[in-house]
Every structure is written in structure tokens, then in C-alpha cells.
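Undergrad: Here is what each chain is made of, one letter per residue.
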Amino acid sequence: MKDTTADGVALTVSGDAHPRGYLEEKGFWSWVYTLDHKRIGLLYLYTTLFFFLLGGIFALLIRIKLLYPGQQIFSDHMYNVLFTLHGSVMIFLFIIPAIPSGLGNFFIPLLIGARDVAFPRINLASYWVFVAGILVILASLVRPMDTGWTFYTPYSAKTAADVTLLSFGIFLVGMSSILTGLNFLVTIHKLRAPGMTWHRFPLFIWGMYATSIIQVVATPVVGITFLLLAMERLFGVGFFDPAKGGDPVLFQHFFWFYSHPVVYVMILPAMGIISEVIPVFSRKPIFGYRAIAYSSLAIAFIGFLVWGHHMFVSGMSKTANIIFSFLTFFVAVPTAIKVFNWIATMYKGSITFESPMLYALTFIFLFTFGGLTGMFLGALATNVHAHDTYFVVAHFHYTMMGGTMMGLLAGLHYWWPKMTGRMLSEKLARAGWLLTFIGFNVTFLTQFFLGYGGMPRRWAEYPAQFQPLNIVSTAGSWILAAGILIMFVNFIRGLYTGEPAPASPWKGLTLEWQVPSPPPTENFEEIPHITNWPYGYTKRKTDGYE
Amino acid sequence: MTKEHGTGYGIYVIVWIALLVLTGATVAVSYANLGLMNVAVALLIASVKASLVALFFMHLKFENKLVWTFALVPIFFLLLVVGGTLSDTLFR
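Chains as they are written, first to last, in the working numbering: chain A, 338 to 883; chain B, 22 to 113.
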């Protein structure tokens, strides 16, 4: 960690021969058949952001229903369908693919000095398999799912809803995820620019590498689980039915063996983004580079050992309960390593609060809330009390929305000028951030209290004493929606009328800032030679930036 | 990465015959009732077959350490999922 000068990555910014860069070619087919990782990344981003809005609408409907304790507005069945759709859409069509497949596709080759990913055709195929999965999922809406996004047996094996179709759709989406992960692993191993050693990687690459391992190793398990479920539903094979010698808890084991590690598929790339944003806006070299890098691998590994903590009240053996509870606490160690290193990076830095930094700080603040309440849930005794209550809902949203989504928004605001060649309005970005921050906390902080007071999750009706806090939470969801609306207005405005972006608006030192905005199709005129790590930031007054 | 294997087609024929023999063994064993060992024997034969396919048909035998690592890591995770699940079912 002695290398703190910036000269290693200094490249001359090539001339503006194609001011529209990789966006130069126009027309529908130029997108459908594109092999350019940047265009495929954008396709993923637009698709996932669309489903983010759709999932958000489901969430608003859920919150409206919960304004009243009794059966109001929607039938109970409709309520079950709504929260299943909200969960499935947000998890499988937004939060899992958004950062890895969207920003990851766009920036992994740029950050390691490559012209594209290792398998551009597989990359395009992965996008269209993803779209096929979406279409199958939409087809399942004819008899919409009401099992919750977790598909627990025995109910999912018996309900008249289209479990088989929805799970097949998710099977396809999972296949796309595996292809993407595989592509990234090979790209990171084989396509690095000369001199780009593992310890000169931007930390986003370390995050994405750990993510890709999880995608490749864990996703097949949920795919197989859904096949077993389909065989039980279609052919009556008794994998999960005790009457036929099966075990419903087995489904939960298989499901969570994937679905717990997959929360790290969601959070690790976001942590990678935060590791990029914090040093840029603190004008200081990242503190504890290797600790942050290796903690990504540690999180990915430990993430595979803790799935049983979702199952403490499922009837699982006491021995397994104790083992899984014990192991769960280990996840906190590498996570805390990251948080402390980010804070140490900011210490005595010359911090400025542009929108990417605001979102990055929000990530640290909210994710710490989410992480610490995770300790309550990892501990056996408190878990039994808080299990299946709104405490879990609040915890999950603090980690995933307060964490991953804020990380994604930090990344979007940070890299928007690079991706589109246009700047966002900083004023609108800050307004959107403020409302999102306030709205998020009003919506979900209340749910910790609701949950600790005993309000069960997933119940369409609740005891009347919980109504006041539910009203607060629903009002919060509207503030949150207003913030996100402003953000999207800013995105759309930025696409058409934003100021043209310079090559490096934030004075970043990683490779993507050394090429024009938007980057040319081939990324680099000449593949750069790397001689140093990319975090050689010095404070503003001395480096002549300001 | 891919070296000249220099083994000719003969080895593929031998592996193919070995796979056929092992398939026959699986069928033959299924007629004998070995109790709990039924599953163990079937899994053992299947693992040998899968290893043969990976080593020779998929050229793993001729690959470098990196490819070997990527081939072996998932086996470790498979043991994890089996072990973790057994920590439940064996102690209920």
C-alpha cells in the first residue's frame, strides 16, 4: 500500500472523433444484436429499472391496503398476490441483475482495460434468456402466484396458482445470471490489461469477482429446486410431501442455500461501488485496500455457511439451529471491516457532497442499521420472538433497499456522465436524494417498532392497535415515491438535455475516466499499460484540482 | 492453455467402454438389495463415471491449475449443502 501516486493510470484522453462514442450507431436492430458490453449493460439497466418502478407500484398498493386493519380495498387473496409480485419482481428482475448485469457489464471491461467481456455472444444470449424469463413470468400472471417470493412447500406444491410457470421463468432468469457470472469470471482472469495485477484492481472488480463466484455456484441449486418442485406438482413425485416420504423442510434448505448467498450477489457489487465513490469524493487513497478486497471474498464464502438462519422456526433440529446461529455472526466481521475502512478513508479527507457521495454515505448509514438488526435476527432467542414479523421486513429493506439500492443509485449518479455522455442536474439529484432518504426512514424505521410489537408479516389483516404506525409507514412510502419520481425525471431529462459530460467529471483515476464520455465502441484506442493502483488521490489544494 | 494431448483417439474408446461397463454395473447392483448401501454404491459408480467424463472427454486431465481449481471448488460447495442439511436431518 505504498503506491499512492496517480501517474500509473494516467492516459491521454483521445480526441472527440465520435462524440457519441458507442452510442453513435442508431436503430432498433443495432441494440437487439449488439455484442458491445456497454450496450448490453444499458439494456439490462433499462429493463431492471423498469421492473424497479413496477415493483415499486406493487409496494405502494401494499402500503395503501395496510392503511386499514380490516379487509379493505383489496381482497385477502389479492393482497397475497401483490406481496408475492412485489417480492418476486424486485428480487429476481431488479435487485439481483441490476448492478451485476447492468453496471457490471458496462464497467468491468472498462475498469480492467479490456475491449469487451470474454464471451460477447454469451453476454447477448444471457440478456435474451433474461427477457425470455421475464415473458414466462408475465405469462404466469394469468393465475397469479400467492405463495410469497419464497415458494415454500407444502403450500406451493398444492396451490392452484401457476407456481410451475413462475418458477420456470425464474429458472431462465437464473440461467442468464449464471452465464453472466461465468463471463465475468473468465473476463477478469483472462482479459486484464498488461500490468493490471490483482492488487491493482479497482475494488468494484473485487466485489464483482466475489459476486460472480456466488452466481455460478449457488444459482444452479435454486434451478434444481424449482425442477424438483415442478416434478412434484406435475408428476406427483414426493420430494417434499411427507406422505410420500418427502420433507417440506428440505425445500427450505435448498431454497436458502441459494437465496441466502444471493443476498450477497445483491450487496457485494453495491459495496464495490461504495469503495469507488468514497475515495474519489474524499480525495484520499482508499484505506485498507487489501482488507476491503479480501473481505469481499470472505463475505461470499461465509455467505454459504449461514442459510439455516432463515429456518429457526421451521422445525429444523436444535443442533442445526445452534450451528447456523453461531456461523451467522461471522458474516458481521468482513462487513464491519468494509464499513470501518470506508470511514477511515474519509477521515481527514477533503470531502465534497455531490450526489454520488450523498448516496454512498446513505448506504453506509442505512446498511449499518440493516446489518446490526441482522444480529438480532441471527441470535436464536431474539429470532424466535421477531421471526415472521415486520422486524424482518424492516431489516431486509434496510439492507437491500437502504444498502443495495442506495449503492446502485450512488453508481448510477457516479457513472451516468460516463454511460450517457451527459451530466445529471445536481439540484434535482439532491432533491431526489433528500426525499428518498426521508421517505425511506419514515417507511421502514416504523416497521422495526411494528415488528417488535408483534405485527406479523404477510398477513392481510392486523390488530387495530398497529394502525397509527402503519399510517406513518404508508405516508413514508409516498415521500419515498416522490423522491424516486424526481430521480427518474432527472434521469430522463439528463438523457436528452443534460450538459455534455467531460471525460472525468469527478476527477476519478480509475481507467473508465481516462476515455471519453461516452466511451468509444472499442473502449481504448490503445490498451493501457498499468503500473500502479488506481487510488492515488491527493487532497484538493495540493493537486491543483481546485 | 490447451496443450497437445498426444493421446490419440484410443483413450476415448477405452473410456467409453469403461462408462458402458459402469452403467451395466449400476443396473446389476440395482437387483441386489444392499439396504442403506444402495444409495452409496449408486453414487460411487456415478461419481467415477462423472470423473471419467470430466478427466478425459472434457480434457480436465490436461488442464492447468486454474481450471482444476474451478472444477474442484463446486464439489466443496456440494459437500457444504449436503453437510448443512444433514446437521438438521440427522439430529431431529
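Be aware that a few hints might be false.
Example chain A residues on the side facing chain B (calculated, C-beta under 8 Å, incomplete) [said to hold, decoys possible]: (1) Ser654; (2) Asn778; (3) Leu782; (4) Gly820; (5) Leu822.
Sample of chain A residues lacking proximity to chain B, with all beta carbon distances greater than 12 Å (derived) [said to hold, decoys possible]: (6) Tyr370; (7) Met415; (8) Val479; (9) Phe505; (10) Val554; (11) Asp584; (12) Gly645; (13) Lys655; (14) Ala657; (15) Ile660; (16) Phe786; (17) Ala838; (18) Thr875.
Per the computed footprint, the stretches of chain A lying under chain B, defined by three or more beta-carbons under 8 Å from a beta-carbon of chain B, are [as the list claims (entries may be wrong)]: (19) 444 to 453; (20) 709 to 716.
Note that these hints are calculated values from the structure, not bench results.
Where a beta carbon is used, it is the ideal one built from N, C-alpha and C, also for glycine.
Undergrad: In terms of Cβ atoms, is chain B entirely out of 12 Å range of phenylalanine 505/A?
TA: Holds, since 22 Å exceeds 12 Å.
Undergrad: Please check whether the beta-carbon of glycine 645/A is more than 12 Å away from every beta-carbon in chain B.
TA: The claim breaks: glycine 645/A does not keep its Cβ more than 12 Å from every Cβ of chain B (closest is about 7 Å).
Undergrad: Does the claim that valine 554/A lies off the interface hold, with its Cβ farther than 12 Å from every Cβ of chain B?
TA: The assertion about valine 554/A is violated, with a minimum of 5 Å to chain B.
Undergrad: Per the stated criterion, does the least C-beta distance between threonine 875/A and chain B lie above 12 Å, as a non-interface residue requires?
TA: holds (37 Å)
Undergrad: Checking the smallest CB distance to chain B, is phenylalanine 786/A really beyond 12 Å?
TA: The claim stands: phenylalanine 786/A keeps its Cβ more than 12 Å from every Cβ of chain B (closest is about 33 Å).
Undergrad: Taking C-beta pairs only, is alanine 657/A more than 12 Å away from all of chain B?
TA: About 4 Å separates alanine 657/A from the closest Cβ of chain B, which leaves it inside 12 Å; violated.
Undergrad: Against chain B, is serine 654/A within 8 Å by beta-carbon distance?
TA: With Cβ-Cβ at 4 Å, under 8 Å, it holds.
Undergrad: Could you check that no beta carbon of chain B comes within 12 Å of the beta carbon of aspartate 584/A?
TA: violated (7 Å)
Undergrad: Are there three or more residues in the stretch 444 to 453 of chain A whose C-beta lies within less than 8 Å of some C-beta in chain B?
TA: With 0 residues close enough to chain B, the hint is violated.
Undergrad: For the stretch 709 to 716 of chain A, count the residues whose Cβ lies under 8 Å from any Cβ of chain B; is that count three or more?
TA: Check failed, 0 qualifying residues.
Undergrad: Is the interface hint satisfied for asparagine 778/A? The criterion is a beta-carbon contact with chain B at less than 8 Å.
TA: violated (36 Å)
Undergrad: Mind verifying the non-interface call on lysine 655/A? Its CB should be farther than 12 Å from each CB in chain B.
TA: Label violated. Min Cβ-Cβ 7 Å, cutoff 12 Å.
Hints 2, 3, 4, 5, 10, 11, 12, 13, 14, 15, 19 and 20, counting from the list given before, are not met by this structure.
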